[in-house]
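FYI, in the numbering used here the residues of the sequence shown are 46 to 351.
Please keep in mind that the hints were generated in silico from the structure rather than gathered at the bench. Any given hint could be a false lead.
[Said to hold, decoys possible] Pairs of lysine to aspartate or glutamate residues, derived as EDC-like cross-links and limited to a Cα-Cα distance of at most 20 Å, are as follows: (1) 155 <-> 345; (2) 314 <-> 334; (3) 314 <-> 98; (4) 155 <-> 275; (5) 314 <-> 339; (6) 314 <-> 275.
[As the list claims (entries may be wrong)] Computed spacing ranges between beta-carbons, pair by pair: (7) 323 <-> 268: 17 to 23 Å; (8) 56 <-> 218: 47 to 53 Å; (9) 314 <-> 88: 25 to 31 Å.
For glycine and all other residues, C-beta sits at the position ideal for the given N, C-alpha and C.
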Amino acid sequence: MSAPVRCSPWRVQEALHWAGAQLANTIDPAWAARSLLAHALGCTVTDLFVHPERPLTAEQQDAYRSLIARRSRHEPLAYLLGHRPFLDLDLIVDARVLIPRQETEILVEKAIALAQRWSRPRIADVGTGSGAIAVSLAVHLSHAHVLAIDASHDALQVAYENARRHGVGDRIEFLHGDLLTPLCLQSRSFRREGQPPCRQVELIVANLPYVSEEEYAALSPDIRLYEPREALVSAADGLEAIFCLLDTACPFLAVDGAILLEAGAGQSKAIREQAARIFPDARITVLPDYAQIERVICIDRAERGR
Numbered sequence: 046m047s048a049p050v051r052c053s054p055w056r057v058q059e060a061l062h063w064a065g066a067q068l069a070n071t072i073d074p075a076w077a078a079r080s081l082l083a084h085a086l087g088c089t090v091t092d093l094f095v096h097p098e099r100p101l102t103a104e105q106q107d108a109y110r111s112l113i114a115r116r117s118r119h120e121p122l123a124y125l126l127g128h129r130p131f132l133d134l135d136l137i138v139d140a141r142v143l144i145p146r147q148e149t150e151i152l153v154e155k156a157i158a159l160a161q162r163w164s165r166p167r168i169a170d171v172g173t174g175s176g177a178i179a180v181s182l183a184v185h186l187s188h189a190h191v192l193a194i195d196a197s198h199d200a201l202q203v204a205y206e207n208a209r210r211h212g213v214g215d216r217i218e219f220l221h222g223d224l225l226t227p228l229c230l231q232s233r234s235f236r237r238e239g240q241p242p243c244r245q246v247e248l249i250v251a252n253l254p255y256v257s258e259e260e261y262a263a264l265s266p267d268i269r270l271y272e273p274r275e276a277l278v279s280a281a282d283g284l285e286a287i288f289c290l291l292d293t294a295c296p297f298l299a300v301d302g303a304i305l306l307e308a309g310a311g312q313s314k315a316i317r318e319q320a321a322r323i324f325p326d327a328r329i330t331v332l333p334d335y336a337q338i339e340r341v342i343c344i345d346r347a348e349r350g351r
């Protein structure tokens with residue numbers, strides 16, 4: 046990647062013009078060029094428009110060129126910036142975790158609405174990743190106890206950093222393990238007489254891997270080359286993790302509890318059918334995303350018979 050040889054320093058408008066050309070084969074090159082320049086200069090994107098003649102120091106120019114080089118190789122913008130907006134929060138993200146998507150905000154908003162029915166809901170966020178769901182719920186539901194579960198120690202570390210960042214680190218319990226297994230009380234010596242063999246929760250929320258092997262091969266390089274594969278792919282059809290959660294959820298879910306699942310395009314019917322077999326009396330509904338894809342499946346035991 047070459048840059049014009051100049052005796053005088055770059056100015057904002059010149060740097061943006063150069064970066065736009067370097068990023069021509071990436072997604073939304075103009076926005077990436079502006080965001081990364083603001084990051085390198087320690088200012089806002091608005092400042093770039095207000096001060097197009099602002100000169101860059103040699104250090105800022107070097108930093109910007111490095112960022113643009115990485116973005117030209119499709120490294121995600123969120124990883125380069127080190128953060129990502131989600132609802133009304135700003136979350137730390139890096140290559141240890143999947144980048145939170147806008148579609149997941151629909152699941153969180155539904156969870157917040159559902160949680161109002163309980164005075165002190167216990168909520169399990171299964172596959173917490175960056176903690177986007179768990180932290181959002183803890184911030185918006187001061188009466189809730191949130192359990193953030195992940196099989197990745199690295200992901201749990203990021204989730205904990207985000208919880209501390211938003212002042213809810215003491216209201217989220219971080220648990221390492223696969224799906225709901227951290228909620229099992231395996232030894233009778235640790236259980237009171239009559240206590241069930243697992244911890245129960247009122248609400249299970251999960252944005253689990255749901256990409257099939259075939260879909261993964263066709264993903265954009267921004268995703269396929271950088272985001273953690275294990276947070277995306279779930280066996281050949283993409284449904285293995287979701288089905289495993291449903292198959293094991295019953296003893297962990299309160300009698301009036303609910304499950305919220307994020308799903309991929311074309312998966313809603315299979316998930317609803319599986320959920321109906323396991324929870325035959327529950328009411329199962331679907332929420333579409335902004336592209337009208339059936340994105341969030343709600344399995345509500347309290348709505349049985351309605």
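Verification of the hints:
{"no.": "1", "hint": "155 <-> 345", "in the structure": "holds, 12 Å"}
{"no.": "2", "hint": "314 <-> 334", "in the structure": "holds, 16 Å"}
{"no.": "3", "hint": "314 <-> 98", "in the structure": "violated, 55 Å"}
{"no.": "4", "hint": "155 <-> 275", "in the structure": "violated, 26 Å"}
{"no.": "5", "hint": "314 <-> 339", "in the structure": "holds, 9 Å"}
{"no.": "6", "hint": "314 <-> 275", "in the structure": "violated, 24 Å"}
{"no.": "7", "hint": "323 <-> 268: 17 to 23 Å", "in the structure": "violated, 31 Å"}
{"no.": "8", "hint": "56 <-> 218: 47 to 53 Å", "in the structure": "holds, 51 Å"}
{"no.": "9", "hint": "314 <-> 88: 25 to 31 Å", "in the structure": "violated, 49 Å"}
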